[in-house]
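Engineer: Line by line, the protein sequences are chains L and W.
The opening position of the first sequence corresponds to residue 256 in my numbering, with each subsequent residue numbered one higher.
The opening position of the second sequence corresponds to residue 3 in my numbering, with each subsequent residue numbered one higher.
Because the hints were derived from the structure by calculation, they are not lab data.
Please read these numbers as outputs of a predicted model, since none were measured by experiment.
Don't be surprised by glycine CBs; every beta carbon is placed ideally from N, CA and C.
Hints may be right or wrong, so weigh each one.
[Unchecked claim] With a cut-off of at most 20 Å between alpha-carbon atoms, the simulated EDC-like pairs for lysine to aspartate or glutamate come out as follows: (1) W:Lys649 x L:Glu295; (2) W:Lys614 x L:Glu515; (3) W:Lys431 x L:Glu590; (4) L:Lys488 x W:Asp645; (5) L:Lys488 x W:Glu577; (6) W:Lys649 x L:Glu674.
[Claimed, not checked] Quick partial rundown of chain L residues pointing at chain W, CB under 7 Å, derived from the structure: (7) Phe439; (8) Ser442; (9) Val453; (10) Val455; (11) Leu459; (12) Arg463; (13) Ala494; (14) Ala593; (15) Pro595; (16) Thr602; (17) Gln731.
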Amino acid sequence: MNMIAQVPQLDTVKPITIAVLAMGGQGGGVLVDWIVALAESQGWIAQSTSVPGVAQRTGATIYSIELIAARAGMPYPVLSLMPVPGEVDIVLGAELMEAGRAIQRGLVTPERTTLLASSHRSYAVREKQVPGNGIGAAAAVYQAAGAAAKRFIVFDMAAIADATGSAISAVMFGALAGSGALPFPRSAYEETIRAAGVGVEPSLRAFREGFDGAGEPGQTRSPPLAPNATPDKRFPELAPVGHPGYDALVQRARAIFPGELHGMLAAGLQRVVDYQDIGYGAEYLDLVASFESFGSLALTGAAAKYIAVAMAYDDVIRVADLKTRSTRVERIRREILAKPEQLVQLTEYMHPRAEEVVGVLPAALGRWLEARPRAIAAIDRIVNRGRRVRTDTLRWFLALSVIAGLRRFRRGMWRHAQEIEHRDAWLAAARAAAAIDPTLAVEILQARRLVKGYSDTHARGQSKFDKVMAAAIRLQGRPDAAQWVQRLCRAALADEDGTALDGALATIESFLR
Amino acid sequence: MAERSFAKEVLDLRLGAGDEFRGEGILAITKALLQSGVGYVGGYQGSPISHLMDVLADAQDILSELGVYFEASASEAAAGAMLSASVMYPIRGAVTWKSTVGTNVASDALANLASGGVTGGALIIVGEDYGEGSSIMQERSHAFAMKSQIWLLDPRPNLESIVKAVEDGFELSEASNTPVMLEVRVRSCHVHGRFAAKDNKSPPFTLAQALEHPVRDTDRIVLPPASFLHEKEKIERRWPAAVQFIKERKLNEVFEGDIDDVGIILQGGMYNSVMRALQGLDLADVWGRTRVPLYVMNVTYPLIDDELTAFCASKRAVLMVEEGQPDYIEQALHKILRKADIAAKIYGKGPLPLAGEYTVPVLRGAIRSFLVSERHPALPDRLRAPNEAAALSDDQIQALGAAVPARPAGFCTGCPERPIFAAMKLVEKELGPHHVAADIGCHLFSILPPFNIGATTMGYGLGPASASAFNVRAGKRSISVMGDGGFWHNGLTSGIGNAVFNKHNGVVLIVDNYYASATGGQDLLSSRADNRSRSTQHPIAAAVRGIGATWVRQIDRTYDVALMRDTLKEALTTEEKGPKIIIASSECMLNQQRRTRPLFAKAVKAGERMVKERFGVDDDVCTGDHACIRLSGCPSLSIKYTDDPLKDDPVAAVDNSCVGCGNCGEVAEAAVLCPSFYRADIIHNPGGFEQWIARLRLSVIGLLQQRRERRRPMFAST
């Protein structure tokens with residue numbers, strides 16, 4: 256070795272490094288500009304950069320910031336242009352899964368990283384397009400953050416942004432200040448917002464709430480736990496409402512069924528009574544009661560839920576009924592944030608086809624027409640087109656009211672006959688299974704979940720349901736029959752075309768042969 | 003009118019000596035051009051250099067004061083050819099584009115420019131889009147520099163070095179009569195930093211002077227025998243002149259270190275990452291001190307043999323850090339050291355990966371492995387074994403893989419291109435899948451979920467040309483897509499002209515959204531806006547008819563999904579010969595919102611009656627199948643959990659970012675999806691009569707509702 260040159264005295268000071276993960280339109284760029292301006296106002300040197308690429312649209316962007324106190328007599332520091340895994344002090348995730356992505360990329364480490372994240376979700380196309388539930392597990396991010404971050408600060412910043420009329424960037428800036436992770440006073444942050452001069456007041460409001468949301472600076476506490484991913488279901492009480500017919504049904508239900516099922520029974524009963532009438536409610540209780548004798552709580556529970564779903568199938572009458580409810584306009588005004596002085600006009604998008612028209616005809620006539628494709632085609636030519644109707648006008652309100660009023664004739668209609676036939680076959684299969692294998696019967700009842708949507712979507716769901724039912728009957732008697740039906744249902748909800756379902760069915764075929 | 007206004011940044015262009023410029027890299031380059039007395043600037047927008055074009059477009063006043071001509075070129079080829087103004091005249095010119103895509107397009111002009119050589123400094127600023135976040139193929143501009151013998155600068159990624167590279171580049175170009183390419187990577191283009199500004203300079207020799215006193219010299223024209231002489235001149239005169247200039251002006255930098263039996267040779271652009279990697283190994287600090295000597299190539303072509311041999315002479319081994327492949331520099335280094343008979347061992351690709359971006363962890367690993375292979379004592383024991391990735395193996399972190407969804411870029415909220423592809427999906431359901439040739443632009447997002455449409459992309463404006471082979475008798479026709487940007491870039495000739503001339507029977511879909519949207523909303527020939535300095539409003543339909551197309555359908559509202567669908571079906575089935583051209587026009591929603599939102603707010607404030615449309619979903623009608631989402635993918639059309647105990651799956655929901663484009667309703671109607679959607683027209687400042695009517699309606703409807711609801715049991719949930 257010939258180390259003659261003098262060993263230079265290396266300075267061990269390190270810059271503060273920050274990574275921001277945001278989606279297009281969340282104001283990630285604004286947040287980064289604020290942090291840079293904040294640091295510069297405090298005599299620090301700040302470098303920021305980003306790789307927007309095509310993510311300028313709706314994808315995710317990662318910004319990188321490095322801050323270091325300027326030192327007299329020293330040259331301009333050499334700062335990194337990318338966040339380095341293991342060397343990041345602060346990670347700001349503007350959405351929960353973006354925080355998860357930062358952890359995946361190794362940017363969050365237990366020795367160094369304060370992770371600030373908004374707990375709200377903005378679902379990716381991949382999550383939204385699944386016919387069932389494709390939403391990623393939020394709890395996984397909370398658990399990983401608990402393991403990976405030195406400190407994990409998480410709250411719903413989007414809600415604050417909405418409430419304060421600001422953007423998530425301002426809330427995050429407040430949370431950053433509140434975390435105490437940067438050596439700058441609160442006033443310097445607020446001054447930065449004022450100096451930038453855009454939307455100052457709302458930004459400051461959001462900043463303050465973000466600051467408070469971060470909790471006490473430096474406070475150590477156990478990492479936050481994931482909130483319940485799905486909100487609690489709202490079960491009504493199985494109690495009288497002051498309507499003699501309904502109250503009698505309640506009386507009956509309370510007498511037959513155990514208390515654990517009362518919530519679900521109330522939900523089911525209210526749905527079918529609201530859908531049709533008191534008699535329909537009695538029919539519902541009869542059908543559910545036919546499962547009570549098997550003595551399985553799970554089975555009766557599934558029956559209480561899915562029989563109601565099957566009985567309250569979606570048809571034009573139901574849609575017209577729901578679209579003309581007195582509570583609807585207020586709900587919509589609330590949802591779209593309409594102010595009292597503003598008028599709201601509503602346009603509905605309807606697209607009736609021959610099937611809908613034939614469905615409301617008397618069953619015998621419907622059956623007769625159904626066997627005559629040319630007649631169906633002729634009807635289709637007349638009715639099949641998109642219709643936009645203004646339900647806030649008297650004319651269309653009345654038209655829909657009349658359709659909703661057809662409710663009283665529903666029992667005699669062709670669609671109803673078809674639904675009842677389909678329903679009864681399904682329930683017969685479930686009862687037959689229940690005698691041998693109650694767990695299989697539960698899965699058969701739950702398969703009803705596959706039938707949903709309108710027109711083509713409904714037909715597709717129905718065909719998946721029929722395939723699952725056929726398989727369920729063939730599987731009956733095997734010890735793993737229930738598990739297989741469950742798998743089939745999951746596969747059926749994974750994609751639109753039923754590719755996953757066909758795959759699973761092929762597997763079953765391979766061992767049933 | 004570009005997506006972003008640079009009114010504030012333009013002021014920074016006026017800074018002078020004594021001022022400090024603080025801002026983004028690409029704006030620093032713009033300022034450096036003005037400080038260098040540039041005479042003209044051209045280019046074609048694209049990430050990461052769009053902001054250079056946008057800021058100059060917003061800086062017309064300053065440019066005219068200084069006497070600088072700025073042009074938004076029709077293509078990179080046009081921009082490259084623009085540099086020919088510097089061939090005979092001592093005028094500095096600069097052009098810019100996204101590389102390597104733009105350099106591909108411009109290479110014809112660049113080859114000719116480099117052959118004849120230049121008198122005035124000619125600078126080509128390329129935004130090197132390589133590595134993470136890149137939107138194009140992974141290639142190197144280096145190859146173009148070598149093939150045309152254009153000098154390539156790759157400065158250290160800080161504003162001072164980048165600005166200096168601009169100034170040096172012009173001088174190097176003039177000293178060697180050779181165009182110079184300045185390569186800036188994506189992160190350097192967007193880096194925020196600072197440098198000491200200088201005064202702007204007017205070009206000493208102007209374009210007007212040149213026009214009024216034209217000069218010509220046959221020896222500078224690329225035609226034999228002059229072109230044979232050019233090649234000799236390149237080798238015998240221009241190259242040595244460049245090498246001499248680079249050496250004299252010390253454009254490359256050596257950073258000494260005490261561990262001088264080894265060293266690292268690196269591209270300038272890699273400097274900050276290499277330094278951070280060395281810091282991780284306790285071999286450097288944040289103030290730029292290093293223990294391992296560095297030879298930093300701010301000029302990566304040509305190589306300076308003397309400097310390299312001097313740096314390597316007393317070393318037993320060097321590490322060559324060269325991002326991208328092939329490893330042109332490393333190969334050349336081997337040759338240089340071999341010829342000089344220097345024994346220093348060369349490490350490069352090997353410890354470093356052959357391809358991909360050189361991130362800090364990659365570099366740290368390579369430097370570690372380099373020193374370990376050399377059994378070098380400089381590396382402390384604790385740093386000899388890699389310790390990263392330990393945290394990542396945690397089970398809880400592994401579990402994120404299943405939870406965190408990929409989030410590729412997609413169509414914006416209310417994008418007018420969404421209904422086009424929704425219609426294509428509906429056609430696909432009826433007529434089966436077709437071969438779809440895609441193109442470059444926002445519309446390429448069609449290849450991703452939920453649309454999954456598009457088979458290939460062959461380059462900007464080349465969608466129709468890339469379907470040209472499919473002109474045979476068959477049961478189906480090809481569909482090709484191209485945007486208005488690609489259309490004016492070259493698609494009019496390469497796509498439409500080609501199809502007309504060769505009697506192609508395929509369908510060509512031109513997506514016209516009034517701007518070059520993917521690059522930031524710049525105006526183009528067919529833009530509908532009035533532009534102070536450009537000529538706009540030249541319809542695409544007139545152009546395609548002018549070139550001989552006969553089956554042309556102009557759709558003025560892409561949101562009409564049924565019309566889109568039926569037009570596509572007609573195009574796929576009509577008996578008429580020749581290309582079937584559909585022009586689908588609606589304004590880019592991002593730009594439309596930016597344009598109209600302030601006007602709307604102002605009108606509302608002034609008490610005018612204004613209507614804002616938006617969509618919503620009746621969640622009691624929605625069954626949670628999400629078929630609507632599979633035909634949309636709009637960010638504002640999302641899903642939510644429901645508290646309805648009878649529903650298992652989340653239902654659709656429209657959030658308040660909805661701009662009321664109409665796609666949801668149109669798709670629900672055209673695809674016969676479901677009646678859950680409603681459109682709400684929110685009327686600001688309604689008129690008196692209107693309010694009276696609304697009250698009347700409300701009270702009558704209310705009475706009817708009451709009457710109906712008295713007859714049935716009412717529950718809190720309904």
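Engineer: Indicate, hint by hint, whether the structure satisfies it.
Structural biologist: The hints, checked one at a time:
1. Taken as a hint, the Lys649 of chain W and Glu295 of chain L pair is broken in the structure, with Cα atoms around 53 Å apart against an allowance of 20 Å.
2. A C-alpha spacing of about 48 Å is found between Lys614 of chain W and Glu515 of chain L, which places the hinted pair above 20 Å, so the restraint is violated.
3. Between Lys431 of chain W and Glu590 of chain L the CA atoms are separated by roughly 34 Å; this puts the pair beyond 20 Å, and the hint is violated.
4. A distance of roughly 4 Å separates the Cα atoms of Lys488 of chain L and Asp645 of chain W; the hinted pair therefore holds under the 20 Å criterion.
5. Using a Cα cut-off of 20 Å, the hinted pair Lys488 of chain L and Glu577 of chain W is violated, with the two alpha carbons roughly 58 Å apart.
6. Distance check on the hinted pair: Lys649 of chain W and Glu674 of chain L sit about 19 Å apart at the alpha-carbon level, within 20 Å; holds.
7. A hinted interface residue such as Phe439 of chain L counts as satisfied when its beta carbon comes closer than 7 Å to some beta carbon of chain W; here the least separation is about 18 Å, so the hint is violated.
8. Hint status for Ser442 of chain L: violated, given a least beta-carbon distance of 22 Å to chain W, over 7 Å.
9. For Val453 of chain L, the interface hint is violated, the least distance from its beta-carbon to any beta-carbon of chain W being 11 Å, above 7 Å.
10. Contact between Val455 of chain L and chain W, as hinted, is not supported at the beta carbon level, the nearest pair being about 16 Å apart and thus beyond 7 Å.
11. A distance limit of 7 Å between C-beta atoms decides the matter here; for Leu459 of chain L the minimum to chain W is near 20 Å, and the interface restraint is violated.
12. Using the Cβ-Cβ criterion of 7 Å, the hint placing Arg463 of chain L at the interface with chain W is not satisfied: the shortest such distance is roughly 22 Å.
13. Given hint, Ala494 of chain L at the interface with chain W, is violated; its Cβ is 11 Å from that chain's nearest Cβ, farther than 7 Å.
14. Among the interface hints, the one on Ala593 of chain L holds; its C-beta lies about 5 Å from the nearest C-beta in chain W, closer than the 7 Å criterion.
15. Using the Cβ-Cβ criterion of 7 Å, the hint placing Pro595 of chain L at the interface with chain W is not satisfied: the shortest such distance is roughly 12 Å.
16. Taken as an interface hint, Thr602 of chain L checks out: its beta carbon lies about 4 Å from the nearest beta carbon of chain W, inside 7 Å.
17. A hinted interface residue such as Gln731 of chain L counts as satisfied when its beta carbon comes closer than 7 Å to some beta carbon of chain W; here the least separation is about 24 Å, so the hint is violated.
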